[in-house]
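Asker: As they're listed, the protein sequences go chains A and B.
Residues in the first sequence are numbered from 1 upward in steps of one, following my numbering.
Residues in the second sequence are numbered from 1 upward in steps of one, following my numbering.
In short, the hints are calculated from the structure, not lab data.
Note that the Cβ used here is the ideal one computed from N, Cα and C, for glycine as well.
Hints are supplied without guarantee of correctness; some may be wrong.
What the hints assert, rightly or not - Distance condition first, Cα-Cα at most 20 Å in a straight line; then the derived DMTMM-like pairs of lysine to aspartate or glutamate:
(1) B/K14 to A/D46
(2) A/K95 to A/D46
(3) A/K326 to B/D33
(4) A/K35 to A/D25
(5) A/K392 to A/E281
(6) A/K326 to B/E21
(7) A/K326 to B/E22
Unchecked claim - Chain B residues, not near chain A, derived (Cβ > 10 Å throughout):
(8) E3
(9) P19
(10) E52
Unchecked claim - Per the computed footprint, the stretches of chain B lying under chain A, defined by three or more beta-carbons under 8 Å from a beta-carbon of chain A, are:
(11) 4-13
(12) 20-28
(13) 31-45
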Amino acid sequence: MTTKPDLTAADIAKAVAGGRLSALDATEAALARIKQHDTTLNSFTDVTSDRARARARAIDADIAAGKTVGPLAGVPFAVKNLFDVAGLTTRAGSKINRDLARAKRDATLIERMEAAGAVLVGALNMGEYAYDFTGENVHDGPSRNPHDTTRMSGGSSGGSGSAVGGALVPIALGSDTNGSIRVPSSFCGIFGLKPTYGRLSRARSFPFVASLDHLGPLARSVTDLALAYDAMQGPDADDAACTTTRGLEPTVPLLANPVSDLRIAIAGGHFQSNLFPEAVEAVGRVAKALGATQVVDIPEAARARAAAYVITTTEGASLHLDRLRKRPNDFDPAVRDRLIAGAMVPAPLVDRAQKFRRWYRAQLAEVFKSVDVLLAPATPCTAPKLGQVTFKLDGVELPVRANIGIHTQPISFIGLPVVAVPVPLEPLPIGVQIITAPWREDIALRVAYALERMGVVAAPSPKRL
Amino acid sequence: MAEPLDDYIDAVAKALALPIEEARRPAIRANLDVSLRLARLVDDFALPDETEPAPVFTA
């Protein structure tokens, strides 16, 4: 069996477990695609070829010895470069962190992916310190959109979006503080899962905003997304926020369950404004396929976005305060100036934002008493041009960077689980958020799977690569 | 002419020992202006005195 770029993780794992494909061949195929296309995409900052080959050979040896292998046997994957990878320096998209010691141990989620048989092939480009929605990076250059390399991948998990969208690897891991998994998923036309806050361990990943940081997978199919998510679940004493009350809740066995019993609504108000026609079209297609007509207002969502912004900029400033003092000129200037400004926001206003957060969470809890799923745009637009500073919406010139995440921020602000699904519009795809109540990733994945089966959502092939 | 936020920026920079290059001042001022505008939007929303903050979200 040979590997094709669009082979899913599920296909690879099945073929490897069945002895029709070796883990080493699957790994070599991914390494070859990275070599062929990454000079264009710039999605990888480190390729861990030796480690990957050794891991693949070990899996093949296990299979030859008749041992049981995991559900991701031989599946190549890569991680945003804020995950610790033993032997590499965790740069988190920065210049400054390259001076840190090499990581001694992998991040928990890498350990869990590899325990399920997956093979780490490298670390991925990202916006500096994850304070980014574009995928641009002044130190490493931008990760590029696989459907039009003159356009943004989206960020901050830009390399994750680019590598999966470009079919270099079937699965990547990223982080999402305000939209950093969902935005690149939207721009690069792939599936992304931002789980409930506290669901997946963040141990041994470089933080940004402790109370908003989530880690999660990006993939080219819903099954692959669920396989990775299921492999990574579980408590972890090394992350104080990681749940100790929820047991393992596998989602793969539930994917094909019907969605006809679900109460699905369209998020109104803030989520129906500031949109380009493509975003309206995408939400419309998804809603129509699911038979969703009810529009539910999300109270004070714009204010929630503002509060998320305030908490992000101030907690981010606190994290980086000493680096801002000692090495201000080694930051991306745009990131530095935002963080310095964040350090100057008066404390009472931050406390107000945290109190508002509690109020807003209660409002959404009420909403989820009468609906199971909310649909909302993932981004207001398809991928902008690299370096684009403004776009015109309803005749008003608006800054691109500040507005890319306006529809993702009010959701991650209170930690709700979301699957971003790609609607394959031409010439560029765009994502829709499938949002559910806390801890109901299973429902969001089920809806995404139904949409995929209906042909409404799909990861388009990177035809121009 | 000094901008309205400049004295504040100087005072906080001094209190936090943050170096401010003069050339970066307009960008810092612009960012602070955005942060404060959004913070005011939150501040304008009346909340009961008993409201607990949510520094860490738990479901």
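Asker: Now, for every hint given, state plainly whether the structure supports it.
Answerer: Taking the hints in turn, this is what the structure says about them:
1. In summary, the hint linking B/K14 to A/D46 is not supported, as the alpha carbons are separated by about 40 Å, beyond the 20 Å threshold.
2. At roughly 15 Å between alpha-carbon atoms, A/K95 and A/D46 fall within 20 Å of each other, so this suggested pair holds.
3. Pair hint A/K326 plus B/D33 does not hold up; C-alpha atoms about 25 Å apart against a cutoff of 20 Å.
4. For the suggested pair A/K35 and A/D25, the alpha carbons sit about 15 Å apart, so the restraint of at most 20 Å is met.
5. Distance restraint check for A/K392 and A/E281: the Cα-Cα separation of roughly 18 Å lies within the 20 Å cut-off, and the hinted pair is therefore satisfied.
6. The straight-line distance between the Cα atoms of A/K326 and B/E21 is roughly 13 Å, inside the 20 Å bound, and the hint therefore holds.
7. Taking the CA atoms of A/K326 and B/E22, the gap is near 17 Å; set against the 20 Å cutoff, the hint holds.
8. Against the 10 Å criterion, B/E3 stays outside the reach of chain A, whose nearest CB is about 13 Å from its own CB.
9. With a closest Cβ-Cβ approach of about 6 Å to chain A, B/P19 is found to fall inside the 10 Å limit, against its non-interface label.
10. With a closest Cβ-Cβ approach of about 5 Å to chain A, B/E52 is found to fall inside the 10 Å limit, against its non-interface label.
11. Counting residues of the stretch 4-13 of chain B whose beta carbon lies closer than 8 Å to any beta carbon of chain A gives 4, which meets the minimum of three for the stated coverage.
12. Three residues within the 8 Å Cβ limit are the bar, and the stretch 20-28 of chain B against chain A gives 5, so the coverage statement holds.
13. With a cut-off of 8 Å between beta carbons, the stretch 31-45 of chain B has 12 residues touching chain A; three or more are needed, and the interface restraint holds.
When the structure is compared with the earlier hints, violations turn up for hints 1, 3, 9, 10 and for no others.
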